[in-house]
Every structure is written in C-alpha cells, then in structure tokens.
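Model the placement of chain B on the given structure of chain A, informed by the hints.
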Amino acid sequence: MGKKILLEHIDVPGIETYDVYRKQGGYTAVEKAIKTMSPEGVVEEVKKAGIRGRGGAGFPMGMKWSFLAKPEGVPRYLVCNADESEPGTFKDHYLMKNIPHLLIEGMIVSSYALGANKSFIYVRGELMYVIRILEKAIAEAKAAGFLGKNILGSGYDLELVVHPGGGAYICGEETALLESLEGKRGNPRNKPPFPAVKGLYQCPTVVNNVESIATAAWIVNNGGDAYAAIGIGRSSGTKLISASGHIKKPGVYEIELGVPVEEFLYSDEWCGGIRDGHHLKALVAGGSSVPILPANLITKLANGEPRLMTYESLSDGGFQTGTMLGSGGFIVFDETACIVRNTWNFSRFYHHESCGQCSPCREGTGWMEKVLHRIEHGHGSMHDIDLLVDVAKKIEGNTICPLGDAAAWPVASAIRHFRDEFEWHITHPAEATQPGAVFKGEMALV
Amino acid sequence: MTETSTTVEFTPERLKIAQEMIARYPAERQKSALLPLLHLAQEQWGWLSPEVMDYIGRMLDIQAIEVYEVATFYTMFHLDPVGKHVIEYCRTGPCCLMGGEEIYDYLKQKLGIQAGETTADQKFTLKEVECLAACGMGPVFQIREKYYMNLTRDKVDEIIAELSR
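Respectively, the protein sequence lines represent chains A and B.
As numbered in UniProt numbering, residues 1 to 446 make up the first sequence, in order.
As numbered in UniProt numbering, residues 1 to 165 make up the second sequence, in order.
Same shape as in the complex, but just chain A (with noise of 0.2 Å):
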C-alpha cells in the first residue's frame, strides 16, 4: 500500500459535501496558514516540498510561485488550469467531481501564499457537471466562512471563480489558458513576458494544474519536509495516475512516486495486469503526448534495471530508449492494437487542435495525419516513412508553444519503435487494411 494524500477519503461516503469533508480533517490547512502563517511562509513549505507541476511539465511549484512579480497596488492572480484535455488523462476530473473542497482548500491557501484576492478555476466546458459540483463547493465554503471577506477574521478576502472552457485542447497550454479566460480565442502568447510577470489581465498570475494546487493543503498540514520525504529524490510525494487501455482495472490510482512501472501495471493494488490471454505490446506512459514504449524498454531500463514511475526513470535513456511522466496518463497497448492507426488517430488529435497560429504545426500536423491516413488506408510509399520523421523534426522545437513538440514525439517514438510495422503496412496493403488486422512480425510482448 503507498501513502495516500489526494485520495485517502475518496471512499467516505458523502466526502464531496462540506460536512463530510470537515469531519475528515478538512479546511484544517486554512486554519493553519491563515491563523499561524505568514504567506511567504506558505510558499517556503511548498518549495521544501520539491512538488513538480502536476499537469505535465514538471516545473517545480515553489519556484513557480517564488518568480511571482510583486509590484505595489497591482492585483496578482491565481489561475487553476483545470482544462484537462490530453488524451488518456482523466485524473483531474475524478478528483474534482470526488472531492472538489480538497481543490477549493488547496485554493484558499495557495491564493493566500502568492497574495491573490480573486483567483480562477479554468474548467474544460465538457465537465459543466463538475463545474456546478465546483461552484456548489465553493458556496459551502463560502457559508463556512472559509472564503469571502475577512477570512476567519484575518482580514484576508479571497473570491473564488469557477470558468468554463469552450472545448479546446490548446487552453491547457497556460498563455492560451489565460487568452481564453480574457474572453480570446486560445492563441498561446509569446514568452518572455511569463505570465508571473505579465499574466491575466498583464497582471503577475500563477497558473497551477488541479492537482498540484491540491496537494498544497497536504503541504501546509504537514510541512514541506514530511512531503519531500516520500516519493524518490527530485521525484518528491504522490501522484496520480490516469490508467487506461487493455488493462484488467483501468481506473485513477494515487501512486508514491517510485513505484516500479511493472508492479503498477501487474500488481491488483492498480491496473491488475493485461486483459486476460493477451500481452503487453506497448505503453504511453504520460500522456498522448510522450514518446509510446514497446513493451521490452517500458519496464526495464537499458541496463536491465526496474524502471521506475519516476520523472526520472521515465525519461532514462533520453528518447531513444526512454519517455516521460508526463501528464501521468497511462496508456496500455497489448497485441490486439495497432500501432500505425493509433498513431494516425493521435496525429488527427494534434491536428485537429493545433491553434493554427505557427506554420511549422498548422501545416506540419495537418501533413502527419495526411501521410498516416494514407499508410494506415493502404496507399502509403516507402519514402513516407522518413517523410514524416522529417516532419516531425522540423516541427519540434519550432512553435510559440509545447503543442508541435506534443504531436511530433508521438509519431517519431511510433517509427523509432515500431518501423518494421509501418514498413509491413506499406507491403501488404491488403492485408493490413483488413479490419482489424494488425502486424504480427517479430515484436517483443512480455
């Protein structure tokens, strides 16, 4: 059993009401920051935690928060990106619609720390459900004293703003976040300015994934220490992993940072192993967008090691043998699918949400789904094959914002790993455009 800090009350029954949450220990973390803590404090905690950014990236929190600008009589801002849109992450969701005060008391306090007096919590509009669960919570709170005016009697006032998306991948990226929360299309912004210095309304903002932001009343509770001492060196406490796919209990899984990958996959504490009389061919580990595995390099490292569910684990090798935590959407692949289409599939996503704003990834992305669909349909060439490696590199590392590089790992890593597979669709078209047929040449299934 690993230690539990975002989900250890998921069960209590009733947990989403004020009452329950209360009884359980909760807004115990506002009373501590506010009544005995100074915000400067608050943020010290958070950085001795060492909490990397929930959401993907990885940046570490306190840092984040310590680059906040701080200029005389300029409001700051406090935005939760709760836009949760990459494929195969579903974990903000679950926690939000479970236990939505524990992200309303990490607000409190991580609005409280950076000196914020009105704060955002940018929900994808898909989730309006969980939006009215949010603003229902935000309400009861608000009853309790615990937001609003003059909280517990401090003088501090906090508001707290529940906004709803449109249905746009891209506003996860933190600039078009704050673009679509000015009432914009989702173009990213141009950085340096960052949005510390000039964010929401070109006042110093703060965006944090949910997650992060609720793992912040843990922090406060506890101290920054007791948090940084779980998990494995610069891969500090828990995290939550989406896992889907072709597993026995897909489902959202509160894991200690550390866990070997193939007892997460195999053990019935989490995904329980591969659906019965199938095997493990593949794995996306963080998200559609890092680099997919093959089922030999996902849970050992190149010199025979247990990979870890670590940030660094994950990423050892570089990519030629290695991926990324990511998101931690975890996504398993076993012989029945079909790498080329999956890839199509994914490169149809990124196409299908690049803003439009950057030629390398408007026409890039457009282009990789174009030559997939024709490998995956039967009339792919050869040549394709490094066409779109070729592609893929010239749209990396090209683009105002981390969506080219997210549409062109999944197809490298896909040709890196798997190239014998296209090479067989492009041989025998007939027999690859059968309905559900998939490769079956060498390939290593464990």
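Because the hints were derived from the structure by calculation, they are not lab data.
Any given hint could be a false lead.
Covered stretches of chain B, as calculated for chain A (at least 3 residues, CB under 8 Å) [stated by the list, open to error]: (1) 50-59; (2) 131-139.
Simulated crosslink set (PhoX-like; lysine-lysine; CA at most 25 Å straight-line) [unchecked claim]: (3) A:Lys149 to B:Lys16; (4) A:Lys97 to B:Lys108; (5) A:Lys35 to A:Lys118.
The beta-carbon is built from N, C-alpha and C at its ideal position, and this holds for glycine as well.
Chain B in isolation, oriented as in the chain A frame:
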C-alpha cells in the same frame, strides 16, 4: 443591428444569471464573461445564431466580430441548428482501444446519419469530439452535461430508446 435582434433575449432567470456571470470579473474586464455567456445562450437556444451572438456582444459592449471569432474557435458551440439531443462522440485513441470505433459505426448505422448530420425527426445530431477526459471508462459519448460511459451496443440501444420517447 438586424431587426430580429431585438426579439433575441435571455429569459428573466437566465438574464439574472448572465448579470451575475459578468459581475464575477473585474471592472472593465467583462469580456471575460464571453465563454460563460455563450454556454448560457446555447443552453437557451440550442445553437448560436448570428442574432444571438450579436445580442451577447451588445451585452458585453464588445464588437460582434469579437464574439464570432471566439464562437468559431471553440468546438463546443453549435453554429447551425441542431437536433434535440446532440451526441458528442469521443473518437480519440484510448476510447478506440476499447472498441470505440465499432460502437461508433453501430451508432451511426442505428441513427442512419453521419457525423455533423441530424436525424429527419430532428431528435439527434451526431458530432465527433476529441478526448473527453474519461479514458478509463471508454468508449464514451456526451449529451449536454451527461457522460455516457463504458458503451456497448446494448447500452447504445437503451440510451437511444430512452431519449426517443
């Protein structure tokens, strides 16, 4: 401003909600209420006609083009009339791994329409959407605020029968 625009108005209840939404944002920043108001408008009219978008623009004191450019950027807004129930079907990878494509073909065949079309009785519109953040419960589709998960042919039959009543 067209003549019909004067007939486009929120119901009194929604007008009150709209005013509350605008008041949530700092003074001079009322444009931030655009997405919330477009959702509210779609809830009332089912889709966003130019007249509705013009109405929202006037309410926020912004140019009509500022509304159009936003409404066309975000995929949740319907810019043409839709049927009573809009089925938003997830076509992204993880759902496909769980048989999402097969269930989607079945649904299209059952309704006799393709993506972007509405049934002759105006009851169902089918729309393809990207990942709905419910990958562990795929295949998934959404109708308004409700998620329908772990779809099978039988479940699709039940849902369509229920909504056809």
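Checklist line | Violated hints - listed by number, lowest first | finding: As far as the earlier hints go, 1 and 4 are violated by this structure, in ascending order.
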